[in-house]
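Q: Note that the sequence shown covers residues 33 to 176 in our numbering.
Be aware that a few hints might be false.
[As the list claims (entries may be wrong)] Now the in silico label distances, taken between C-beta atoms and shown as ranges: (1) Thr123 <-> Ile59: 24 to 32 Å; (2) Asp158 <-> Gln73: 20 to 28 Å; (3) Ile59 <-> Asp120: 21 to 29 Å; (4) Gly99 <-> Pro163: 32 to 40 Å; (5) Phe154 <-> Arg70: 19 to 27 Å; (6) Leu46 <-> Thr123: 41 to 49 Å; (7) Gly118 <-> Arg43: 52 to 60 Å; (8) Gly118 <-> Phe156: 44 to 52 Å.
These are calculated hints, taken from the structure and not from any lab test. Positions of the beta carbon are idealized from the N, C-alpha and C atoms, including for glycine.
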Amino acid sequence: MTGRLDRDAGRVSLFLVIAMIGVLAIIALAYDGAGQLRTMQRADNLAAEAARAGGQAVDLQQLLEDGSTVLEEDAARAAVDSYLRGVDDVTEWDVQIETVDGVPRLTVELAITYDRAFLDLFSFADTVSVPGTATATLLTTSNR
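All chains should be modelled from the sequences, with the hints used to inform the complete structure.
A: Dropping the structure here:
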């Protein structure tokens, strides 16, 4: 028992280095994954708000005359564009207007850029595009 006991004193073992890289990668995945999920929720919320803004563009004259709900498409697109231009993170959006069973529907699809905080250190892309979609269905009730 006269051997030297201090052979690796003050040195970091190879196992510890590899384990710490793995732990840091898991922390990065959890942090950036949660951030991307928050961004996805925000994208869906912004799409819903934009669809509601566009859904307000109802032809009031037609509604008062015969009670039918007609969406003014140009005004609806302009309302969505106006709303989304005020949001910094939204990079692109698309508006689709269709009539299903006589009921107008306005669908907004958009993309928000999420800037990854840690995963870019592990050779992942620095940013990722996160999609959001929402549909507004125009409904009216007769109060006559």
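Q: All hints are to be evaluated individually against the structure, with a verdict given for each.
A: Do the hints match the structure? See the list:
no. : hint                          : in the structure
1   : Thr123 <-> Ile59: 24 to 32 Å  : holds (28 Å)
2   : Asp158 <-> Gln73: 20 to 28 Å  : holds (21 Å)
3   : Ile59 <-> Asp120: 21 to 29 Å  : holds (28 Å)
4   : Gly99 <-> Pro163: 32 to 40 Å  : holds (36 Å)
5   : Phe154 <-> Arg70: 19 to 27 Å  : holds (20 Å)
6   : Leu46 <-> Thr123: 41 to 49 Å  : holds (43 Å)
7   : Gly118 <-> Arg43: 52 to 60 Å  : holds (57 Å)
8   : Gly118 <-> Phe156: 44 to 52 Å : violated (30 Å)
This entry does not satisfy hint 8, going by the numbered hints stated previously; all others are met.
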